[in-house]
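K.L.:
Sequence:
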Amino acid sequence: PNPSTVEAGLRSACSVLAAQFAKPRSAFPRFNSPTGCPSNEPCSFPLQSVATCSQASFNHSFCSCPASQQYVAFDKIIVSTSLSSGSITDTAKDNKCRMVELSTQLGDVGRSASLTKIFAGFDSGVYAQWPAEDGRATMAPNGCLNINGSCANVNPRRTPWYAASVSGSKNVIILLDAGESGSSFQARLKSAVATVLDTISSIDYVSVIVMANKLAVSPAGNTALLSGTSANLNLN
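Residue numbers (the numbering used here): 1 to 236.
One or more hints might be untrue.
[Unchecked claim] Straight line, CA to CA, 35 angstroms or less: simulated DSBU-like cross-link-like pairs of lysine-lysine:
#, residue 1, residue 2
1, LYS93, LYS23
2, LYS117, LYS23
3, LYS117, LYS93
Treat the hints as calculated values from the structure; they're not laboratory data.
Make a model of the complete structure from these sequences and hints.
P.N.:
Have a look at this one:
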């Protein structure tokens with residue numbers, strides 16, 4: 001699509017979101033209703049495939065996929081949270097209430113600007129995306145979607161694009177005390193580092209310093225901060 005068309009579409013999407021979040025909470029009666037806001041979590045409803053592609057007014061990348069690998073709905077928006085039901089705050093509920101009503105508006109913006117995807121992340125842990133994709137889907141080698149049978153939620157706060165938008169470019173030094181041995185400790189240590197590195201993007205610089213019996217720097221021998229590219233962030 002034309003870059004100016006894409007830019008106009010992004011501005012329209014921002015305007016739609018700004019208008020929705022400028023409304024008072026009283027404009028969303030479902031927030032205080034007995035049933036609350038509709039969960040609309042991934043996997044909570046079936047997504048059509050070929051029918052939605054035939055109705056699309058633009059050539060979405062998934063529309064060229066085999067019918068068995070098109071788990072996308074252009075008339076829906078996915079609103080999810082990685083929080084457990086007991087941990088959902090009023091702010092998260094508020095974010096979900098506001099976003100679940102924007103399916104039509106964001107769909108109209110996306111189609112008119114030939115956008116592939118519109119998504120938003122909130123500090124409450126809520127993630128919203130148009131078009132809706134089946135939450136059980138994973139990307140196949142051919143670029144299409146496969147259903148793997150498990151449902152995953154996106155935590156936007158652990159993504160590079162969210163971290164970059166709220167913090168800008170940053171220098172990160174991770175200092176690890178690896179003196180304790182044991183496979184379970186090492187696994188927890190690696191998981192903790194991976195959580196931090198998940199928020200690093202190519203505009204960031206990072207270094208990992210490990211302290212045990214002696215000081216080591218990763219990558220080996222390199223004391224400089226390295227660009228947060230996927231190659232430099234590989235933990236394997």
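K.L.:
Checking against the hints above, which ones are violated?
P.N.:
none
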